[in-house]
Every structure is written in structure tokens, then in C-alpha cells.
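Engineer: All chains should be modelled from the sequences, with the hints used to inform the complete structure.
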Amino acid sequence: METILKYIKVAHLLCKERLFGLNGKELQLLEDWRRQSERHEKSYQLFQHLDPEVLAHRYERIDADRQWGEFRSRLAGRRFRVWKAVAGIAAVVCLLLGGSYLFYWNQESVSSPEVADSPMGGIRLVLSSGKTLNLSDRKHLDIRQIEGNAVLHDNQLEYRMDTLTTTEPEYNTLIVPKGAFYHLILADGTKVWLNSDSRIEYPIVFAENRREVTLQGEAFFEVEKDSDKPFMVKTENFNVKVLGTSFNINTYGDDGKVYTALQQGVVEVEAGPENALILAPGQVAELDIRQPGMRMKLSRMSLNQQIAWKEGFFCFRSTPLSDMLKQIERYYDVCFVDAAKVGEEVYTGDISRNVSLEELLDAIRLQTTNIDFRMVDKVVYIIEKRD
Amino acid sequence: MLVYEKQIKFGDGDVLSFENFFRENFSKFYAFTTRFIGDNYVCEDIVQETFITIWETDNYHYETLLMLNAFIYKTIRNKALNYLKHHKIRKQYSQKYLQELESQEYMYTSVLNEESHYLLYKAISSLTPQCQQVIKLHLEGKSNKEIAEEMKISVVTVKSHKLVAYKELRNILQHSLSLMLYVSVIFLKK
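Those sequence lines, one after another, are chains A and B.
So the first sequence is numbered by this note's numbering: it starts at 1 and just counts up by one.
So the second sequence is numbered by this note's numbering: it starts at 388 and just counts up by one.
Take the hints with a grain of salt, since some may be wrong.
Listed below are the simulated PhoX-like cross-link pairs for lysine-lysine, each with C-alpha atoms no more than 25 Å apart in a straight line [what the hints assert, rightly or not]:
#1 A:K234 / A:K191
#2 A:K385 / B:K472
#3 B:K554 / A:K25
#4 B:K529 / A:K42
#5 B:K461 / A:K385
#6 A:K42 / B:K461
#7 B:K461 / B:K396
#8 A:K42 / B:K483
#9 B:K509 / A:K42
#10 A:K297 / B:K396
#11 A:K326 / A:K178
#12 A:K385 / B:K483
#13 A:K42 / B:K523
#14 B:K532 / B:K546
#15 B:K483 / B:K461
Listed next, the stretches of chain B that the computed footprint assigns to chain A, with coverage defined by at least 3 CB atoms under 8 Å from CB atoms of chain A [said to hold, decoys possible]:
#16 414 to 423
#17 435 to 442
#18 456 to 470
#19 482 to 496
#20 504 to 515
#21 547 to 557
With beta-carbon atoms standing in for the labels, derived distance ranges [said to hold, decoys possible]:
#22 B:G400 / A:E201: 44 to 50 Å
#23 A:N23 / B:H474: 46 to 52 Å
#24 B:R410 / A:I278: 38 to 44 Å
#25 B:K483 / A:W68: 34 to 40 Å
For the record, the hints were derived by calculation from the structure and aren't laboratory data.
Remember, predicted model here, so these are calculated numbers, not experimental data.
Yeah, the Cβ is synthetic: ideal placement off N, Cα and C, and Gly gets one too.
Structural biologist: Take a look at the structure:
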């Protein structure tokens, strides 16, 4: 980027020279630059003999009105394409980092209840008895263990009040491994989207006066409204109190911070006595967990960035490559070796989570200046790029 | 409802209307793309998608307008190379030509040429037809007297047109003139 900037600035210098002439210092700069390479000198000569008529022809081919119209219709088309991608119907769309095909979706858009396919299995449900069921292994799953309490769909577990046979405060724990993604509907109708490498503990039936669940990892909640029973999500570092609302909690701590992002309603995020924040829709709270006792504060991170995973995207906004790799590790269930070789470079772009790991690594490879990847089984070695 | 009004806010405090930026710069970036790819529709598509990326970018992501321009050039170039890589077109290009297209130097030279040519075009086309004529003849190396003869006006009128034109051009280039300081810093680093 720095080098491109330099060339843009030289371009401005050239233009100034031809129109007005330069002062001594500028002239010296330009002459030094011309001597740096043959290409430089060639570009300089080309510019000196440029015919403005030819330029007019070059730049007037484009109808700005038509292009702006096209741009608007592309933006408007985004929502539909997002929905398709999330529902898993759309063919793989190859998205590139930085220069990516970005999908636009409106903040108000209703999210599709379908859940993307889990790339790999191993979703486990721990019952209050301590018995563990592998929900991904439908063939060997003894469905009677949860019968009466919950209904198992593809990639979704649904607890239903009307069929519940238990009245005891029994707890279940749902564990989503790396490389998977799951959807849970709690007994009160609250919907939970669980991201990879996450676990949630919840009662099969909620208590009379409160609804409490415990989360590790990342999840998006759409809480059923019930003002008599406030809903609370507990995490290691903070708790989120809600009435009826939808929000995302991310406790991965990839960049040393944990986040709560509110889509609708009101939530209170509390990390300790006198360390709480009430969020308005669209706001994101962050807590730095690298040092104890840090204050909760509003984040520069956007809501869309926080909930992109649920919409079927990786969303990077000036994200350091090292943090990106952590997200990729969780989603594709791979491990990067020698991640220390990754520099300070940051990237911006959206990528569909429907792309294969190879495509994704290709996209990153194209963008980075100095690293390359070599994959052996589930291990990805980071090596220096050979030119 | 989608809202098509958006401002691009820069870290240095600059604010720009997205639509204006799009309309002002689309043809420049399109022309840049044609340096890599011959198919007009593919070029349009690449520039369109790049602007979508910019639309989605959070505020204050770019420190300055120049950095935004640099980012767009880089993005377009990567998209174009990727397109060449993933399509059969690659086979129609000679290996040597492809190597040239993929080189860093080719990108830098392309940025330099496009940016300088477009700036010159914008500067001249913003003038009145009379002033434009004077400046074009001046750029061809003609003297005031020769210009006066060709345009059938007096030398005094030529001079006054030039004065107006330069004032206008200075206005347009003002943004870039203030950058000169940084250029020196960058050259020193090298």
C-alpha cells in the first residue's frame, strides 16, 4: 500500500509539473525518481507527450449515471443472495479478501432460521445424568434418551414446553466442536445459534422466575419475550441480562477481548460491580480480558461484523491475519503451524463460509505479500512465499 | 428500504459523499482495469464489486482519500489477476505477457499512468471551452503568439485566459499540492 501511495503522489507531481512547473525541491525529487528506473523515465516521457484529446476519449467511454444505477441495483440484490447463501442453496460463491464480492444485507433483514450445514460431525449433548450423546451420529443415537424433552432435526435441537415430561431442574449441555455449527431452540422458544467450538448449558425447563444459561465460545440469541422471567446469559467474564431481544455474544477472545453485540431490544452487560453497560440496538460492548479489572466499553466493532458468522460469512474489518487464522481454525477444524510468521498485516473483506478451506487459503495467499500455506491433513504450515 | 446516501469518513477528518466519489472516479478505475483485462464487461464488474467493498467498509477505515485510492487500485489489480488465473483466458496470453501483468512494477506503473492521466484530464475538462483550448495549445508547446494566431484572438486575451485557467487548475490540484511534503519523506525512506 505504501508503495502505491508513493506512485499516486508522484503522479500528482507529474501533473503539477506539466501544468505549472515545479519548485527546485520538487524538481529534484522528480529527477531523482526518473533516474530510479527505466520504467519511471518511460512513464515520464509518455506523460510529456500526452494528448488531452486522447485522454477525453479514454475517460468518456463510461456513463456514470448508468454505472451508478447498476451499483444501486447490485446493492439491492444483496439481501436475496445472502439468504440463499445462508440456506445453503446457493452454489459456492468464490469470495476474495480485500477485493471481495461483498454481500450487502440490511440490518433489519429477518434472519433465516435454517442453519448452515455442519462441515464435520461430533456435536455432543451432555444430559443431566452425565451421559453424552453424539447428535451427529444419527445412526447410533439412542433417541429415547431425549424423547419427550426435545425433538432432534437436522442440525437443530428443539425443546418443547408442551411435550416436556420432566419437572425437575435438569440441565443439559450442548457442545459444538470446531468445524461445526448448530441451532438450538430452548423450552421457552428462545432461539440460539451456536458457532464452532462453543458450549452452552441450560435447564430443560426454566425456573419460575428466571431463565439462565451459561455460554462458552460464541452464540447468537433471539430471546422470547417474557417480562416475568428475565433471561440471563452467564459467561466466564461477564453476564448479559435481557428481556426480549436478539444479540450476539463472543467470548473467544481472539484479540484479547470479548464482545456483546445487540441487534434488537435492550441488554445489560455486567462484568462486575459498577462495571456494566446498557446497550442500544446496533451497539457492541467489549471487555479486555488480558488484564483483570478492565472496564466494559463500547466497541468500534460493528454489529454486522459480530453477527456475520450467523449469516454465513466471515467478516473481516482491519482484522489482523493472526486473528483471521483463529477464526479459520475453529470453522474448518484445522491447526496453523508457525503462525508467528504472520506479520502485522490487517485485512478487510467478507467471505462466504460456504467456500472450501483451499479456496479461502488461496484468497489469502493472493493478498499477502510474504506468506504461503501448505496443508497436510488438518495441519496448515505457514511458509514464506517464494516469488 | 436501502439507503443509497452514504458518507465516507476518513481518519484525517475528511468527509466525502460516496455517490460523488463513485461518479468522479469510476471511469478512472475502469480505465485502470482495462490495463489488465480486455473484456469490457468483466472490467465493469470488477470495478462495481470493488465499490461494493468500499460501501461495506466501516467509517474511519481509511486515514486519507489517497489511501482509499491506493486500496482500490490494489483491490482491482488483485481481482483482475485472480480473474485471469481462474479463467481460460490465461491460455490465450503468452507466459511472458502474464509475468509482466503479474509483476509489482506493472501495477505501480499502471497506477502512476492512470492517476496522472486522469488528473490531467480532470483538470483540463473542468475549464471553460476557451480556456481548455488555450491550455491544450500551451501543452503542445505553442507560444502565446502562436496560440493567439490559431484561435484568432489577441495575445492579451490569451494571457487572460491562461490566468483564469491557472487559477482554476490550482484550485483543482490544491489537494495534491499539499501532499508534496509527504513525498519527500517517502523518498528519504527509500
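Engineer: Next, verify each hint and record whether it holds.
Structural biologist: Against the structure, the hints:
Simply put, K234 (chain A) and K191 (chain A) have alpha-carbon atoms about 16 Å apart, close enough for the 25 Å limit, and the pair holds. Only pairs whose Cα atoms come within 25 Å are accepted, and K385 (chain A) paired with K472 (chain B) is accepted, the gap being roughly 18 Å. Using a Cα cut-off of 25 Å, the hinted pair K554 (chain B) and K25 (chain A) holds, with the two alpha carbons roughly 22 Å apart. About 23 Å separates the Cα atoms of K529 (chain B) and K42 (chain A), which keeps this hinted pair within 25 Å; it holds.
Of the pairs offered as hints, the one joining K461 (chain B) and K385 (chain A) holds, with about 19 Å between alpha carbons and a cut-off of 25 Å not exceeded. For the hint pairing K42 (chain A) with K461 (chain B), the CA-to-CA distance comes to about 22 Å; that is within 25 Å, so the pair holds. In summary, the hint linking K461 (chain B) to K396 (chain B) is supported, as the alpha carbons are separated by about 20 Å, within the 25 Å threshold. Taking the CA atoms of K42 (chain A) and K483 (chain B), the gap is about 20 Å. The hint holds against a cut of 25 Å.
Of the pairs offered as hints, the one joining K509 (chain B) and K42 (chain A) holds, with about 22 Å between alpha carbons and a cut-off of 25 Å not exceeded. At most 25 Å may separate the alpha-carbon atoms for a hinted pair to count; K297 (chain A) and K396 (chain B) meet this at roughly 22 Å. For the proposed pair K326 (chain A) and K178 (chain A), the alpha carbon gap of about 11 Å is at most 25 Å, so the pair holds. Restraint check for K385 (chain A) and K483 (chain B): the C-alpha separation of about 21 Å stays at or below 25 Å, so the hint holds.
With a C-alpha separation of about 22 Å, the suggested pairing of K42 (chain A) with K523 (chain B) holds against the 25 Å cut-off. For a cut-off of 25 Å, the pair hint linking K532 (chain B) to K546 (chain B) stands: about 10 Å separates their Cα positions. Of the pairs offered as hints, the one joining K483 (chain B) and K461 (chain B) holds, with about 22 Å between alpha carbons and a cut-off of 25 Å not exceeded. Counting residues of the region 414 to 423 of chain B whose CB lies closer than 8 Å to any CB of chain A gives 4, which reaches the minimum of 3, so the coverage claim holds.
Counting residues of the region 435 to 442 of chain B whose CB falls under 8 Å from any CB of chain A gives 7; the rule of at least 3 is met. By the rule of at least three residues with a Cβ nearer than 8 Å to a Cβ of chain A, the coverage given for the region 456 to 470 of chain B holds, with 11 such residues. Requiring three or more residues with a Cβ within less than 8 Å of a Cβ of chain A, the coverage given for the region 482 to 496 of chain B holds, as 5 such residues are present. Under a criterion of three residues with beta carbons nearer than 8 Å to beta carbons of chain A, the stated coverage of the region 504 to 515 of chain B is upheld, 8 such residues being counted.
Coverage of the region 547 to 557 of chain B by chain A holds in this model, with 3 residues showing a Cβ closer than 8 Å to a Cβ of that chain against a need of three. For G400 (chain B) and E201 (chain A), the hinted distance range of 44 to 50 Å is satisfied, since their beta carbons lie about 48 Å from each other. Between N23 (chain A) and H474 (chain B) the beta carbons are some 48 Å apart, a value that agrees with the proposed interval 46 to 52 Å. Between R410 (chain B) and I278 (chain A), the C-beta spacing of about 41 Å keeps the proposed range 38 to 44 Å intact.
Restraint check, K483 (chain B) to W68 (chain A): a C-beta distance of roughly 39 Å satisfies the suggested window 34 to 40 Å.
This entry satisfies every hint, going by the numbered hints stated previously.
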